[in-house]
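Asker: For the record, the sequence lines run as chains F and V. Be aware that the first sequence starts at 188, since it is given in my numbering, and climbs by one per residue. Be aware that the second sequence starts at 245, since it is given in my numbering, and climbs by one per residue.
Do not take every clue at face value.
Stated by the list, open to error - Keeping only pairs whose Cα atoms sit at most 25 Å apart, straight-line, the calculated PhoX-like set for lysine-lysine is: (1) Lys390(V) with Lys306(F); (2) Lys364(V) with Lys251(V); (3) Lys328(F) with Lys364(V); (4) Lys343(V) with Lys364(V); (5) Lys394(V) with Lys260(F).
As the list claims (entries may be wrong) - Just a few of them, taken from the derived set where beta-carbon distance is under 7 Å, the chain V residues facing chain F: (6) Ala450; (7) Arg480; (8) Val489; (9) Tyr537; (10) Met539; (11) Phe557.
The hints are simulated quantities; they were obtained by calculation from the structure and are not laboratory data. Computed from a predicted model, the values in this text were never measured in an experiment. Quick reminder that beta carbons are idealized off the backbone N, C-alpha and C, glycines included.
One-letter residues, chain by chain:
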Amino acid sequence: MAQATHTKQAAGTTTTDAGDSVKVVGIVCNWCSYAGADGAGTARMKQEYELRLLRVPCTGRIDPLFALKAFEKGADGVLISGCHPGDCHYSEGNYYARRKFELLDRMLPHLGIEPDRFKYTWVSASEAARWQKVVNEFVGKVKALGPREGRAL
Amino acid sequence: MSDRQAKIRELARAALAEDRVDYFIGWKQAYNPSEMIPAFVRSADEVDQLVWNPLAHHNLTAFLKRKMPDPPNARIGICVKGCDSRTLVALLQEELVDKERIYVVGVPCDGIVNRRRIEKEFADEVVDISFAGDTVTAVTRSGESKEFAKGDLLFDHCRTCRYPNPFYADDMAADPIVEPDDRTPMWGPIEEFEALSPAEKDAKIAEAFETCIRCFACIHACPVCWCWDQCVNRCRQPALVGQRVDTKENLMFQMVHMFHVAGRCPSCGACDRACPVEIPLYLLHRKMNKELYDMLGFEPGVSLEEKPIFQTFDVNDPFGEH
Chain F
188 MAQATHTKQA AGTTTTDAGD SVKVVGIVCN WCSYAGADGA GTARMKQEYE
238 LRLLRVPCTG RIDPLFALKA FEKGADGVLI SGCHPGDCHY SEGNYYARRK
288 FELLDRMLPH LGIEPDRFKY TWVSASEAAR WQKVVNEFVG KVKALGPREG
338 RAL
Chain V
245 MSDRQAKIRE LARAALAEDR VDYFIGWKQA YNPSEMIPAF VRSADEVDQL
295 VWNPLAHHNL TAFLKRKMPD PPNARIGICV KGCDSRTLVA LLQEELVDKE
345 RIYVVGVPCD GIVNRRRIEK EFADEVVDIS FAGDTVTAVT RSGESKEFAK
395 GDLLFDHCRT CRYPNPFYAD DMAADPIVEP DDRTPMWGPI EEFEALSPAE
445 KDAKIAEAFE TCIRCFACIH ACPVCWCWDQ CVNRCRQPAL VGQRVDTKEN
495 LMFQMVHMFH VAGRCPSCGA CDRACPVEIP LYLLHRKMNK ELYDMLGFEP
545 GVSLEEKPIF QTFDVNDPFG EH
């Protein structure tokens, strides 16, 4: 936490330390959730800003290990979002992905990572308001849990 | 027990003598008669080295993933137990093994003895282990001898075994033994672990994986983990697993293995037995199988027609938001 605050100050910005306390990684698909997030941004919808987005072509590209790697590298939460089932740009990528994410979701608590630190969901390009809600709820929960420190993964 | 051994020898001898296989993979005694190792038998007069007893823990199908492509036209005879046959089915489902070029001898299995449990009872080296009914007698180099009940020495996954008879075999070494009516899987020590709090789990996982030396024994012994040079655990790009040796990297290493065999791993326990530092890998692999069973009612390697579940999907999968 101290380190994060330091970095921010060095960059010449002023922030309250509460906001800097967690790092959340969002992995989103190019076609739906990224566009939805873009829409939310364009509409200036207020969102928690601890989320860092990674854009991938499709949720089918996301290996559950990406999320684990994010946790290993110090993420406090990982949010995965893509097109709604049935709406995949590549027809079926998210159907394959859904099984993998569900297994990951069930395995994470087994590794001592609280269930609220991981979420997979579906947000379409037209659902800016839903994106705002998903982000605020998820990041809010991660903030409530606080940073992960000295953990196995 | 010796009936099965005699039958294995008989079947192997016939297969080799009739030139139906180029070599036959079974189990034999190691230099230390209390240990078993895999045996590659290449001629009919060598078959008498083949042994079957409750120490034959190796899942020999691990050799198929290695041997099938090379030599390219080898015809292979192989012995499988119930759990081994499930990994064989997983390989057949993915067409990694050519059904036409293997000759499978199925061995009904009453449970495999964990030799490490016996070793821990003695300060000296165990040089002989003999079996009479349900009694196991172990003798050390200095002549000390102890008797154990076989039931106390079995591997955990043998205690909860629901498939003692091979699923897929060309010939059987004995009549199938009585199978449990209730095939609902049992998960043994996983349930204890699940009852722990997140912090306790974290601490236990950290302790368990701290000692991993990343020797790849678990991966080499695993019949369904077959990427070899393409394994992300071995490459630097993508740098999913780093070279740093610490709990996090070790756990990532194991998670790569676990996620990559998900849907094909029947928890045969080969990785656990291969681990030189005795990491309880079942904590990951059996938990994974438990969750797959809860998610989709799926059990790996029980049907030749089924596809591994991560290579297919159902639009009505009953999880996630719709």
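Asker: All the hints need checking, so say for each whether the structure fits it.
Answerer: To see whether the hints hold, each was checked on the structure:
A C-alpha spacing of about 54 Å is found between Lys390(V) and Lys306(F), which places the hinted pair above 25 Å, so the restraint is violated. The hinted pair formed by Lys364(V) and Lys251(V) fails the criterion: a straight-line CA distance of about 33 Å is larger than 25 Å. A distance of roughly 47 Å separates the Cα atoms of Lys328(F) and Lys364(V); the hinted pair therefore is violated under the 25 Å criterion. About 41 Å separates the Cα atoms of Lys343(V) and Lys364(V), which puts this hinted pair outside 25 Å; it is violated.
A C-alpha spacing of about 46 Å is found between Lys394(V) and Lys260(F), which places the hinted pair above 25 Å, so the restraint is violated. A distance limit of 7 Å between C-beta atoms decides the matter here; for Ala450(V) the minimum to chain F is near 4 Å, and the interface restraint holds. The criterion of a C-beta within 7 Å of any C-beta in chain F is not met by Arg480(V), whose closest approach is roughly 14 Å, and the hint is violated. Because the beta carbon of Val489(V) sits about 14 Å from the nearest beta carbon in chain F, more than 7 Å, this interface hint is broken.
At about 11 Å, the closest approach between the beta carbon of Tyr537(V) and any beta carbon in chain F exceeds 7 Å, and the interface hint on this residue is violated. Because the smallest distance between the Cβ of Met539(V) and any Cβ of chain F comes to about 6 Å, under 7 Å, the interface hint for this residue holds. Below 7 Å, beta-carbon pairs count as interface contacts, and Phe557(V) has one with chain F at about 4 Å; its hint therefore holds.
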